[in-house]
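**Q** Take a look at the letters that make up each chain.
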Amino acid sequence: MSWYCYAVAEFAPENPAKGVTGLRACPVSALSAAGLTALVSPVPDEEFDDTVLQANLEHLPWLEEIARAHHAVVDEASRRTGVLPLRMATIYRDEHRVREMLAEHSAKFIEALRRVRNHAEWGVKVFAALRNAPEEEEPADGRSYLRQRIRQRKARDAGTDEAIGVAERIERELRQLSAEIHRHRNQDPALTGRADRNILNLACLVPDTSRDRFLARIEQLRQPAEAGIVVEVTGPWAPYSFAGIS
Amino acid sequence: MSESSLSAGRPLGVSRAGSGGGANLADILERVLDKGIVIAGDISVNLLDIELLTIKIRLLVASVDRAKEMGIDWWEHDPSLSSGLRRNDLVEENERLRAQLELARGERAEQ
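Sequence order for the protein chains is Z and E. Counting along the first sequence from 1, when you hit position 111 you're at 111 in the UniProt record's numbering, and nothing is skipped either side. Counting along the second sequence from 1, when you hit position 12 you're at 12 in the UniProt record's numbering, and nothing is skipped either side.
Take these hints with a grain of salt, some might be off.
[Unchecked claim] Some residues of chain E that are not near chain Z, with every Cβ distance over 12 Å (derived): (1) K35; (2) G36; (3) G41; (4) D42; (5) E95.
[As the list claims (entries may be wrong)] Going by beta-carbon spacing under 8 Å, a handful of chain E positions derived as facing chain Z: (6) A26; (7) D27; (8) I37; (9) I39; (10) V45.
[What the hints assert, rightly or not] Covered by chain E, according to a simulated footprint, are these stretches of chain Z (three or more residues, beta-carbon under 8 Å): (11) 82–89; (12) 204–216.
No lab work stands behind these hints: they were computed from the structure. C-beta atoms are modelled at their ideal positions from N, C-alpha and C, and glycine is treated no differently.
Chain E with its partners taken away, still in its complex shape:
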């Protein structure tokens, strides 16, 4: 993506690093994935698991933004992220992430 595509949602006096003077990915995804008009297209995708997808994105975004701040693009070369996981892998990964999430929620509730 070119820098020009990052020019939107310009933060004002925002201290957040790594946004390159533009909107950060979390803010963009929050809107393009979660908001906007939902109407049925001809190509239907299953967005039922959008909550899980969001969690996965959250985990990725956190690492991607941090990596970018450091000028690292490991995620583009990591086969588990960039070569397209097979369905079975995804199911397994989803289960693992759900378990992690439950654990995190439990820990937070305990605190």
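The shape of chain Z in the complex, shown without the other chains:
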């Protein structure tokens, strides 16, 4: 049996994840050292040992299950206290090793926890419809085909430029209401399953005191809806994108 580590929180005398269920229906417990508390639960070696884990990570339904369970624990804990989520599948052999890890990185953890305290992460995605080229006659020959292709591309690029301009304006506005902003990779159409294109995928670290203004601003940015532009918000998330301690 090993210990799966979900997140690190500031030291708490009471288990901040009391009553929370972790992987494989085991309760999440708290291990403390160096002014910090790690949220952990036991996992069976036959499922999480080196070679098995590597294979399991490539087994996508397994990956989905663990990702959702990991997220459920982090999410619940982040509602109760400030946490730094750990990368999925951070596992230690025994309790002693978890405490060693806390002590080894304590200065950085404490600094990062201070940075995200009373903040939440909000996801903001902007989608833009691709502009369709106007209907044109069948090209008569190769040369007119090429000309038509170039015209169509120019028309579409112009549409995209306009959308990117809108996205940049949204980012500038949100930056003013955020402590930090991180750009995620734009999500692939294969991933979103949408006909429009993801042109901006932001994580915003927003102070809880600015939360209402932040969300109200997004509502304003949605109105009036620019042609073909969709703005989506998710959150509050635990500060996944701002937990880095490098």
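Mind docking chain E on chain Z? Use the hints.
**A** Using the frame of chain Z, we list chain E on its own:
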């Protein structure tokens, strides 16, 4: 997974279907796999190929979310997805996916 585990990352006024009022898998994976603190654990896994893994997930997620919207769980019963591929199969599959990706990139660059 129970519905309660989907309650996080609640979208606000989000039009996306299939998220059941909760966070969608793509948003979750983007964070738990790509973000969060990276520190060395005692069990080491090779995350070097994380980009490829992400691509594979992207392909799967797209189908899984769509399937779930339709109430279908074929992927849980598809032996190629659920019985655990052998290493050789994975290597082959990785090569095939890389080729597909290159092709897709090429097509996009052409457009």
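**Q** It remains to establish, for every hint, whether it holds in the given structure.
**A** Hints and how they fare:
1. K35: The claim is violated: K35 of chain E sits with its nearest Cβ about 4 Å from chain Z, within 12 Å.
2. G36: violated, 4 Å
3. G41: violated, 4 Å
4. D42: Given a closest Cβ separation of 5 Å, the condition is violated.
5. E95: holds, 14 Å
6. A26: Status holds, d = 5 Å.
7. D27: At about 6 Å, which falls below the 8 Å cut-off, the nearest Cβ of chain Z leaves the hint on D27 of chain E intact, so it holds.
8. I37: holds, 5 Å
9. I39: Since chain Z brings a Cβ to about 6 Å from I39 of chain E, closer than 8 Å, the hint holds.
10. V45: holds, 5 Å
11. 82–89: n = 6 at 8 Å, threshold three: holds.
12. 204–216: With 1 residues close enough to chain E, the hint is violated.
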